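Q: Protein sequences, first through last, are from chains A and B.
The opening position of the first sequence corresponds to residue 1 in this note's numbering, with each subsequent residue numbered one higher.
The opening position of the second sequence corresponds to residue 363 in this note's numbering, with each subsequent residue numbered one higher.
Hints are computed from structural coordinates only; laboratory data are not their basis.
Please note: incorrect hints may appear among the correct ones.
[Said to hold, decoys possible] Residues from chain A that face chain B, not an exhaustive set, calculated with beta carbons under 10 angstroms: (1) 150; (2) 155; (3) 198; (4) 229; (5) 230; (6) 271; (7) 275; (8) 302; (9) 304.
These numbers were taken from a predicted model, which means no experiment stands behind them.
In this text, a Cβ means the ideal position worked out from N, Cα and C, and glycines have one as well.
There are 2 protein chains.
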Amino acid sequence: MIIDVHGHFTTTPPQVAGFRKRQVETFARTGLALDEPPPRVTDEEIRAGIEPNQLRKMNERGVDLTIFSPRAIGMDHHNADEASNAVWARYCNDLVARACGLYPDRFVPACQLPQAAGVPPRDRVFEELDRCVGERGFVAANLNPDPSGGHWSDPPLWDRQWWYPLYEKLVALDIPAMIHVSGSCNPNFNPAVASHYLNGDTAAFVQCMTSDLFKDFPTLRFVIPHGGGAVPYHWGRYRGIAQDMGLPPLEESVLKNLYFDTCVYHQPGIDLLLEVVPAANILFASETVGAVQGVDPQTGQAFDDTRRYIDASRSGNATSREQIFSGNALGVYPRLRSHPACAGCELPSVGRPHHPLDGAAS
Amino acid sequence: MIIDVHGHFTTTPPQVAGFRKRQVETFARTGLALDEPPPRVTDEEIRAGIEPNQLRKMNERGVDLTIFSPRAIGMDHHNADEASNAVWARYCNDLVARACGLYPDRFVPACQLPQAAGVPPRDRVFEELDRCVGERGFVAANLNPDPSGGHWSDPPLWDRQWWYPLYEKLVALDIPAMIHVSGSCNPNFNPAVASHYLNGDTAAFVQCMTSDLFKDFPTLRFVIPHGGGAVPYHWGRYRGIAQDMGLPPLEESVLKNLYFDTCVYHQPGIDLLLEVVPAANILFASETVGAVQGVDPQTGQAFDDTRRYIDASRSGNATSREQIFSGNALGVYPRLRSHPACAGCELPSVGRPHHPLDGAAS
Numbered sequence: 001m002i003i004d005v006h007g008h009f010t011t012t013p014p015q016v017a018g019f020r021k022r023q024v025e026t027f028a029r030t031g032l033a034l035d036e037p038p039p040r041v042t043d044e045e046i047r048a049g050i051e052p053n054q055l056r057k058m059n060e061r062g063v064d065l066t067i068f069s070p071r072a073i074g075m076d077h078h079n080a081d082e083a084s085n086a087v088w089a090r091y092c093n094d095l096v097a098r099a100c101g102l103y104p105d106r107f108v109p110a111c112q113l114p115q116a117a118g119v120p121p122r123d124r125v126f127e128e129l130d131r132c133v134g135e136r137g138f139v140a141a142n143l144n145p146d147p148s149g150g151h152w153s154d155p156p157l158w159d160r161q162w163w164y165p166l167y168e169k170l171v172a173l174d175i176p177a178m179i180h181v182s183g184s185c186n187p188n189f190n191p192a193v194a195s196h197y198l199n200g201d202t203a204a205f206v207q208c209m210t211s212d213l214f215k216d217f218p219t220l221r222f223v224i225p226h227g228g229g230a231v232p233y234h235w236g237r238y239r240g241i242a243q244d245m246g247l248p249p250l251e252e253s254v255l256k257n258l259y260f261d262t263c264v265y266h267q268p269g270i271d272l273l274l275e276v277v278p279a280a281n282i283l284f285a286s287e288t289v290g291a292v293q294g295v296d297p298q299t300g301q302a303f304d305d306t307r308r309y310i311d312a313s314r315s316g317n318a319t320s321r322e323q324i325f326s327g328n329a330l331g332v333y334p335r336l337r338s339h340p341a342c343a344g345c346e347l348p349s350v351g352r353p354h355h356p357l358d359g360a361a362s
Numbered sequence: 363m364i365i366d367v368h369g370h371f372t373t374t375p376p377q378v379a380g381f382r383k384r385q386v387e388t389f390a391r392t393g394l395a396l397d398e399p400p401p402r403v404t405d406e407e408i409r410a411g412i413e414p415n416q417l418r419k420m421n422e423r424g425v426d427l428t429i430f431s432p433r434a435i436g437m438d439h440h441n442a443d444e445a446s447n448a449v450w451a452r453y454c455n456d457l458v459a460r461a462c463g464l465y466p467d468r469f470v471p472a473c474q475l476p477q478a479a480g481v482p483p484r485d486r487v488f489e490e491l492d493r494c495v496g497e498r499g500f501v502a503a504n505l506n507p508d509p510s511g512g513h514w515s516d517p518p519l520w521d522r523q524w525w526y527p528l529y530e531k532l533v534a535l536d537i538p539a540m541i542h543v544s545g546s547c548n549p550n551f552n553p554a555v556a557s558h559y560l561n562g563d564t565a566a567f568v569q570c571m572t573s574d575l576f577k578d579f580p581t582l583r584f585v586i587p588h589g590g591g592a593v594p595y596h597w598g599r600y601r602g603i604a605q606d607m608g609l610p611p612l613e614e615s616v617l618k619n620l621y622f623d624t625c626v627y628h629q630p631g632i633d634l635l636l637e638v639v640p641a642a643n644i645l646f647a648s649e650t651v652g653a654v655q656g657v658d659p660q661t662g663q664a665f666d667d668t669r670r671y672i673d674a675s676r677s678g679n680a681t682s683r684e685q686i687f688s689g690n691a692l693g694v695y696p697r698l699r700s701h702p703a704c705a706g707c708e709l710p711s712v713g714r715p716h717h718p719l720d721g722a723a724s
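Same shape as in the complex, but just chain A:
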């Protein structure tokens, strides 16, 4: 069983992006949300986006199931207000739900949140979470730590007033959040997939490491995508800074709650990740179809075919691979366990993450 925890619906038909463009233009011109229903997308259009792309690659690479969420760079929280973004999130989440419904054995939905720059995540965000998780089988949410799109003008993740109500909601729903920025309107961080994404990952890790966030929410789970940004490469730096600052070791402060995905697109990077981060904190992912779509001329294989690097890694063994490929996902995303595709899966006996449903499931 191989579960990819990080896939986006990057292949929607053009009217989807066209609708967002009109939303943004209307908001820029009038300061109001676009008064127009989102355009219809047919099942055939959804199939035409997914079958020759995400699904084909999953089949070629032996990936059984993908946790599927709306396009990350398309979340676009910085370009309109909360009212516009609520319509946009609902539309994008519904498209993801429909895609998952068309291929129920292969995709499980995760949702985009209607965040907006300068607005603390409250009722509109909670309503969308209730709708997606409570009513439609979503198993996770993508949380944007910088809804300002590269200006980083909202408070850090440890800010109690700003963020804690959202964490209470995530804990109550027992879903993890992937901490994933969207696009950047700051030219210093473009293209976002090269710069803003990785910087967002690194900043989020440090905000967690240097705060009481997981002391206050011991069952909250964050997934840091893109292999944790700069963090595993600088694991010694972080262990040392924590020690110099009088913080607990990383194992105590963050590793009960933080997970890194494997979206690292070369063998040495995956080797390092598997060498320094405990296998219990690594989740298989590829972000296909996403940031890098080409073939590596050095290997003749797709850059984002991350399964190959894990299979070939000198750092892994059969047990750790099983954890990374599926066991950990079932621990971090407990709602996955009721999914038909995961019915026969066992939780890993080694390095198994703690979460509220542990007792019930073991």
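Based on the hints, put chain B in the right spot on chain A.
A: Coordinates of chain B only, in the frame set by chain A:
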């Protein structure tokens, strides 16, 4: 011969930081530069800062020479105006020059620039460069890509109007710039040594990779500190993004001009750096006494004793180590060659960086 290209005078006596505090308070209160001469520092105070700290560690670790610049987090460009920062830079640079003068065989100076948020680097910066490099034997400068201190409100490094005049000056003086942010006044990126530093490194690399900067300045040389931020860990991602964007391979677009230092504080990180980045683009450095000052309980050695990792790395060999420890530094910092400590050194015959003085020195 072992040259550490990244050391800061982090151990100045307290009146130095006290002066900056008064500058910042005065500027915040009045909008004017403090009208007060910087406090005197005695030779004894300089020795007391350096001998039991930087110099002791260099001796213990077998480091012959350190390129020594003012404290990076102390550059503090975001907290006052250009006039205040010019006095501050001059004071800090003079202290570094005096330290190097007290230990001429062991330290070579690099300068801080009087940048300020919202102010393009012009005459005041050029005057300080002329004074330091032209008159006082400095061999390099630290360039802050984000003088706003974590708000990233000035243009990216590829902005012709903002930055190109400074690059013309650097090329004319034939010195490299280390691209090094200072502190952060944005709480999202604190502590800066954990977050803002690495994000600045990553952002700077991407700004170079996606622009014509080195096409326009083929002899300009940038050193990206802290092992290149997230970049080597994501080398496959960057090769892939460059390919997808139709940019030249990294070897052509940046590796003739960009160098990574070895401030990576654990063995797997250094192994990865030496595995993926050509040895010709790596410069030995430790940033001692700096970001991490403790002993790694896993090894019993100082985290920032980076020489050990390079000596022990499975990825290096005698030739690459010689390049990394000293040969590359003599190529990237040509003004080092006239330094007495480097008189007997040979430039490496393999993977030698190109620069204007190549013909004269070989």
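Q: Now look at each hint and say whether the structure bears it out.
A: Against the structure, the hints:
1. 150: holds, 7 angstroms
2. 155: holds, 7 angstroms
3. 198: holds, 5 angstroms
4. 229: Status holds, d = 5 angstroms.
5. 230: holds, 3 angstroms
6. 271: Nearest chain B Cβ about 8 angstroms off; hint holds.
7. 275: holds, 5 angstroms
8. 302: holds, 9 angstroms
9. 304: holds, 8 angstroms
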